[in-house]
Amino acid sequence: MKFRIYRCIALFAHRGLLILNVALLSGIVSADDRAIEIIDAMEELYRGESSFARMTMIVETPQYQRTMEMESSSIGTDKAFIRILSPRKDRGIATLKLDMEMWNYLPKINKVIKVPPSMMMGSWMGSDFTNDDLVKQTTLTEEYALTMEETDDQYHINLVPKTETVTVWGKIDYVVNKDPLIPLSQNFYDDNGRLIRKMEFSEPQEISGLLIPTRMEMIPMNKEGNKTVIIYDELQFDPPDIDESIFTLRNLRSRF
Amino acid sequence: MLLFKLAFRNIFRQRRRSLLTAMSLTGGYVLSVFSFSMSAGSYNNAIAFFTQDHTGHIQIHKEDYLQRPKIHKYIEAPEDLSAMLDANERIASHTLRVFSPSIAYSDTDNTPAQVIGVDLDRERTTSTLAAKVSEGSYINSEVDGEGYYSAMIGAGIANNLDIGLGDELILISQGADGSIANDIYMVGAIVGDRTSSDRSTVFLPLAAAQEFLSMYGAVHEVSILLNDDGRAREEAEALQNLLPDLSVDPWQVVEATFYQSMQTDKRGNAVFMGIIIFIVFVGVMNTVLMSVLERTREFGVLKAIGSRPAKLAAMITLETILLALISVLLGLLISIPLILWFTYSGFALPEPMDVGGVLMSHITGELSPFVFGAPLLLILGFAIIISIPAGVRAALNSPTEAMRSH
Chain H
1 MKFRIYRCIA LFAHRGLLIL NVALLSGIVS ADDRAIEIID AMEELYRGES SFARMTMIVE
61 TPQYQRTMEM ESSSIGTDKA FIRILSPRKD RGIATLKLDM EMWNYLPKIN KVIKVPPSMM
121 MGSWMGSDFT NDDLVKQTTL TEEYALTMEE TDDQYHINLV PKTETVTVWG KIDYVVNKDP
181 LIPLSQNFYD DNGRLIRKME FSEPQEISGL LIPTRMEMIP MNKEGNKTVI IYDELQFDPP
241 DIDESIFTLR NLRSRF
Chain G
1 MLLFKLAFRN IFRQRRRSLL TAMSLTGGYV LSVFSFSMSA GSYNNAIAFF TQDHTGHIQI
61 HKEDYLQRPK IHKYIEAPED LSAMLDANER IASHTLRVFS PSIAYSDTDN TPAQVIGVDL
121 DRERTTSTLA AKVSEGSYIN SEVDGEGYYS AMIGAGIANN LDIGLGDELI LISQGADGSI
181 ANDIYMVGAI VGDRTSSDRS TVFLPLAAAQ EFLSMYGAVH EVSILLNDDG RAREEAEALQ
241 NLLPDLSVDP WQVVEATFYQ SMQTDKRGNA VFMGIIIFIV FVGVMNTVLM SVLERTREFG
301 VLKAIGSRPA KLAAMITLET ILLALISVLL GLLISIPLIL WFTYSGFALP EPMDVGGVLM
361 SHITGELSPF VFGAPLLLIL GFAIIISIPA GVRAALNSPT EAMRSH
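Protein chains in written order, with the working numbering: chain H, 1 to 256; chain G, 1 to 406.
Bound conformation, chain H alone:
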């Protein structure tokens, strides 16, 4: 889920200031290099981090609105486990992500179903997030060329895929607030430069000493009236009870 990107940004906000200061003091790196340096450093910091979150996901379409509560655990960028708590009908449905692979568990039929590669761009749990959003672990600075522009209170970081990489997006516009340093929005464009979807961050709150936007809205541009909102109800970094045994197919199948 975007959760990872969001966390990246959260950490970026936390640690970035320091690095920025260092970079500014040294005064020898360009703005673009600085952007890369920041994000790389941030990703470096991110590895090994674990988290636990409880969140509410609201899927809005012209036909229906659906609210789901779920909890998620993660270690690093490549292990994630999400379990739906409500509504009752869907309680216990779980998703396990290990590296580039993904499985869904459906308790009603007691079946684990691997998400095939062809379904990666399909919707996750009927939301506007794709399965790929959960699985992908692209290192933004490796696969995209970064350019940065500054305004008085915002950084506009422009990510364009490098020629040799295969990416889903033609361009990503990343807007970061300067003070406090938190993400504001991400715009995703296709290869023809058409805006495909927009993610907006809002309602920042201090969690574990970090100022973090607790509300994210994903708005697909090609589906009018559709929107997915994720609200963080609880978020812990490095909780003590998260270990590798959570991220196994065995645990995925366990009765909840």
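Errors might be hidden in some of the hints.
Partial list, derived from the structure: chain G residues whose beta carbon lies under 7 Å from chain H [as the list claims (entries may be wrong)]:
1. H72
2. L81
3. I170
4. S173
5. D177
6. G178
7. S398
Capping the alpha-carbon separation at 27 Å, the derived lysine-lysine pairs in DSS-like fashion look like this [said to hold, decoys possible]:
8. G:K62 - G:K73
9. H:K227 - G:K62
10. H:K89 - G:K70
11. G:K70 - H:K223
12. H:K223 - H:K171
13. G:K73 - H:K223
Calculated directly from the structure, the hints in this document are not laboratory data.
Beta carbons: idealized from backbone N, C-alpha and C, even for Gly.
Assemble chain G onto chain H, guided by the hints.
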């Protein structure tokens, strides 16, 4: 009366000539009847097949579900609609359905499946589903002791998943609220065989399918059988006026691909029919003209001994009509058993022919007053049209000229 008698006698006076003329007319008649029967018949059979198999004569959907099926385009609370259709005496029966593409799983395999939720009682009287059950028996809408609904599965699914009666069937799809629809069902019956069009279909009780897809009482389709199958368009229009919020379509729209291929083919047939009718016309013209021209001398004599030209013309026309009548009656006697056979057994095609998704295995005819009546009028009409100028010409000829011809 005298004229009539004369005409009658004239016919039997020259038996061989009359017999040849009559044979030509009879042949033309039988040929026309056969062509008419064939062009109407083949399609009527196919239409009867699919309207009763699943399409019905009229279907009701929400918005453009027919063209672009989306799970959320459903008819909410169809009870009132159902009651209204039940009260309509021009409607024989109707049934309610929901649809969803899904994936069917056994313990080891999976295969794509089209899930159709049907109102089991109504479906019985509206489509041939009950008759298509090849193994097991038509399911009911009750849950069993373990809380599972029954399902009827196409033979293709049974084969692909290697499951049979009493086995578990797992279905996964997307619900109308975006959730993952997933549930287990008991196989209660197998429908059709591996070649039938239902081979990849799973039929569920309506309530089970609505629960599966989180549709809560809503349906995608109402399929209606009329008492009079020829009035689908008119009745659809009448229903559409009563139901402005829904889309009501006759089978001609529902099975548009088939209907268009049929129309194209029928236009082709019309050309073919035109050629046949022309050949028959030429045949009739030839025989009638010959039988008149051959008798120029005879008519000259009649005029010379004082026959009135008008009477002469009338006699010739009457003769032709009489002969044509006898011929078509004879033709009728020949064609009735022929068309009976053609309608009820017909020619089997070596390979079933696919017409816009509908398989046709036999070329069969149609038995209707039109099939016999239209060629009858056609032949009589031709005979009259040709005999009048021929008679007039004979009447106006000078007797001396006429008698001088051999």
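Which earlier hints turn out false for this structure, listed by number in ascending order?
2, 4, 7
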